[in-house]
Amino acid sequence: VLQVIKYESVIHEFDPYFNYRVTQFLSKNGIYDFWNWFDDRTWYPLGRVIGGTVYPGLTLTAGTIWKVVNSLNIPLSVETVCVFTAPIFSAFASWAAYLLTKEVKGPGAGLTAAALLAMVPSYISRSVAGSYDNEAVAIFALVFTFYLYIKTLNTGSLFYATLNALAYFYMVCSWGGYTFIINLIPMHVLLCIVTGRYSSRLYIAYAPLVVLGTLLASLVPVVGFNAVLTSEHFASFLVFIIIHVVALAYYIKGILSPKMFKVAVTLVVSAGLAVCCAVIAILIAVVASSPTKGWSGRSLTLLDPTYASKYIPIIASVSEHQPPTWPSYFMDINVLAFLVPAGIIACFMPLTDSSSFVILYIVTSVYFSGVMVRLMLVLAPAACILSGIALSEAFNVLTRSIKFQLPGIAGNPSIASEENGSSTVVAPNDIPKTEEAAKEKPAKKNRKKEKENVEKKPTPSKTEKRLLVLPLEASVIAVLLLVLLGAFYVVHCVWAAAEAYSAPSIVLTSHSNDGGLHVFDDFREAYSWLSHNTDVDDKVASWWDYGYQTTAMANRTVLVDNNTWNNTHIATVGTAMSSPEKQAWEIFHSLDVKYVLVVFGGVVGYPSDDINKFLWMVRIGGGVFPHIKEPDYLRDGQYRIDAQATPTMLNCLMYKLSYFRFVETDGKGFDRVRRTEIGKKHFKLTHFEEVFTTHHWMVRIYKLKPQRNRIRGKTKKSKSSRSVSSKRDVRGKRNPWH
Amino acid sequence: MGRSSTVKETQALFQSLRSAYAATPNNLKIIDVFVGFAVLTAIIQVVYMAVVGSFPFNSFLSGVLSCIGTAVLAVCLRIQVNKDNKEFKDVAPERAFADFILCNLVLHLVIMNFMG
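Order-wise, the sequence lines are chains A and B.
When you line the first sequence up against full-length UniProt numbering, it's residues 1 to 738, in that order.
When you line the second sequence up against full-length UniProt numbering, it's residues 1 to 116, in that order.
Honestly, the hints are just simulated from the structure, not real lab data.
Backbone N, C-alpha and C define an ideal beta-carbon position, used for all residues, glycine too.
Do not take every clue at face value.
Not close to chain B: a few residues of chain A, all C-beta gaps over 12 angstroms, as computed [stated by the list, open to error]:
(1) I88
(2) A207
(3) G254
As a list, the in silico BS3-like pairs of lysine-lysine whose alpha-carbon atoms are at most 30 angstroms apart [to be verified]:
(4) A/K262 - B/K29
(5) B/K29 - A/K253
(6) A/K705 - A/K684
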């Protein structure tokens with residue numbers, strides 16, 4: 001929530017603006033209109049079926065909160081609710097992490113894990129006040145679903161199985177990442193079966209979830225029949241069949257004598273194998289007949305990281321889909337990065353169903369986070385859980401060693417056992433307060449007092465582990481160091497939250513020379529100009545990054561936006577931006593575009609402007625329209641805009657719209673982002689006219705010039721009238737309207 | 001020779017299966033009959049769809065999944081009520097039945113919503 005104090009209560013980034021607009025619509029028009037909404041202000045001229053293509057969980061949650069709060073006569077606006085939904089749900093996620101870890105290891109580990117999750121930078125980046133995106137709610141749903149699954153596994157109660165299915169439904173409503181759950185749980189079930197840990201609780205945990213979960217998933221319009229038709233769900237059905245076979249096998253084993261069972265096994269194996277092979281052959285034929293084997297593009301990117309860059313440049317171009325660098329691991333989960341292996345080891349002793357699940361969770365999420373940086377978010381809860389387990393185990397061992405050796409614990413034989421939930425963060429020299437009379441375990445070293453030897457009853461403990469008692473000084477120092485580690489973690493998290501992740505990215509700041517704060521509010525300036533100075537029905541063309549913000553804040557129809565569902569349409573816009581002025585004008589005119597919006601960072605040094613994104617425009621455009629060839633824009637394999645740039649580059653629309661009149665800023669045309677002087681400095685625009693440039697030249701809006709009424713032929717009259725102008729069009733005296 | 005011994009073994013196998021199954025208490029047998037009925041209904045629906053075509057798909061899906069769902073839930077109930085299962089001896093059969101009812105309620109609510 002630091003960002004609300006630093007800047008103001010505003011929605012960040014790009015995607016949240018779309019969610020905010022949808023929530024506005026929902027609060028204004030009610031749920032039936034929302035369900036059937038066809039949005040015609042985006043993806044002009046195609047429109048977008050909002051009801052069928054959006055994950056409704058987030059908007060419905062915020063809409064419900066807004067409705068409930070307003071019916072209690074607390075006047076909160078929709079924007080406030082949207083901005084603060086994320087922090088509320090991150091608090092819930094912490095609570096869910098506590099529950100989950102408590103199921104796996106015990107309350108002490110649970111508290112540690114919850115405290116870690118409350119601060120981990122990776123999750124904070126997605127749950128700042130203002131980051132109104134699907135993940136804010138989805139991570140809570142993810143952890144909560146896992147908690148209910150583990151709880152069902154541990155207790156075998158159908159009640160929790162129902163709750164599990166309902167939580168899974170909420171997850172499906174919220175985020176496309178639900179496929180992670182529906183593949184992880186079958187994997188875990190398979191693991192349990194293979195390692196011989198099958199039990200009837202496993203059946204109760206898994207089978208109702210599959211049936212109810214598939215049904216509930218098909219209820220959500222975005223998923224619909226994909227819940228049974230796509231390969232992402234096949235794993236769950238396969239394991240469903242397998243678990244039935246295994247359950248039947250165990251049942252028959254239970255009621256038959258061993259000799260008869262062997263006969264049954266041979267019979268079944270021989271007959272069943274033939275049937276199995278036939279079924280599998282049919283399945284493989286069906287799946288292999290589709291070109292992508294039934295997987296969606298994004299899932300294929302996850303499995304094969306190089307897939308997107310080869311086949312789908314749009315997925316490759318999103319910065320969140322790039323693989324993360326090593327420093328980003330340390331930045332995002334800090335200390336947890338090396339506590340996780342300790343946690344994995346702690347999970348192995350003892351290995352229960354739930355701890356094997358957590359291990360599987362962390363392994364898969366580490367792999368997937370290595371593919372896409374935005375999936376670090378899925379890694380964060382797993383890392384927190386395992387680090388919580390590791391830390392609490394470490395503290396248990398150390399405080400126990402200290403307790404054994406502190407003189408003066410007279411007569412009291414109780415020693416904290418493995419399940420003790422006593423405070424793990426309290427300074428070790430306090431006499432431990434909560435001592436439960438737990439079962440004793442014999443200790444190896446002889447440094448204990450005699451009265452404790454008396455209490456050495458051979459009680460059956462859950463774990464056969466023998467305690468090791470460390471020397472007193474070593475354990476005290478170790479506890480101090482661990483506390484220090486935790487302190488470093490807290491400091492880093494607060495710093496990261498304040499500096500790196502609190503920027504709303506729609507308002508930028510920088511520090512001027514005298515230490516004051518300089519605010520760049522150019523985006524909102526441009527959008528409000530658009531909403532005040534253009535007609536409601538005017539169409540605005542820009543690169544797809546800004547689509548959501550334009551429809552939400554400027555309230556104008558756009559061609560393409562961040563949903564990126566139509567690659568050809570985006571390629572059309574990309575081609576237009578890469579073409580010379582005349583062709584670009586024709587493309588835009590055919591799409592009824594009136595205004596073109598370009599983001600330019602050369603004056604202030606803003607690095608994510610359209611010229612830096614230009615290579616994607618060329619690649620995506622070139623993927624669909626073969627006359628755009630990337631080598632035309634490259635000089636020595638690089639995109640350049642200085643005097644060495646190629647003529648195609650210097651003539652394309654993006655260059656012209658970005659650098660029109662740029663020399664007027666400093667006389668030389670020095671681009672601060674690319675750090676060179678631009679190549680073509682003095683030129684005029686023939687088909688576009690500049691209508692607005694923001695204060696720091698960050699957003700530039702151009703209008704398409706209307707077509708001339710008369711076609712001016714190549715007469716001497718036209719040539720002489722044009723020779724009067726001082727600045728000549730570099731392209732020569734040709735009539736531009738040919 | 002191996003053939004006839006296999007046949008004899010198979011017969012002995014079925015005999016022992018039948019005798020062991022006859023020993024299960026009556027309430028479990030009722031649940032088993034219910035499960036069998038549900039699975040049979042599901043199979044009939046699949047055959048019908050194969051004959052008639054799968055439009056509208058959501059009705060077919062809801063019908064089949066409701067049958068399979070009730071079958072699965074009945075199996076869970078059987079697991080929980082079975083006195084031979086040591087893991088569940090502290091769960092009263094009434095509680096198991098109440099859970100079963102609740103799950104079925106949720107399942108059929110979803111089914112009715114999805115049928116279209």
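Evaluation of the provided hints:
| no. | hint | verdict |
| --- | --- | --- |
| 1 | I88 | holds (26 angstroms) |
| 2 | A207 | violated (5 angstroms) |
| 3 | G254 | violated (8 angstroms) |
| 4 | A/K262 - B/K29 | holds (25 angstroms) |
| 5 | B/K29 - A/K253 | holds (18 angstroms) |
| 6 | A/K705 - A/K684 | holds (13 angstroms) |
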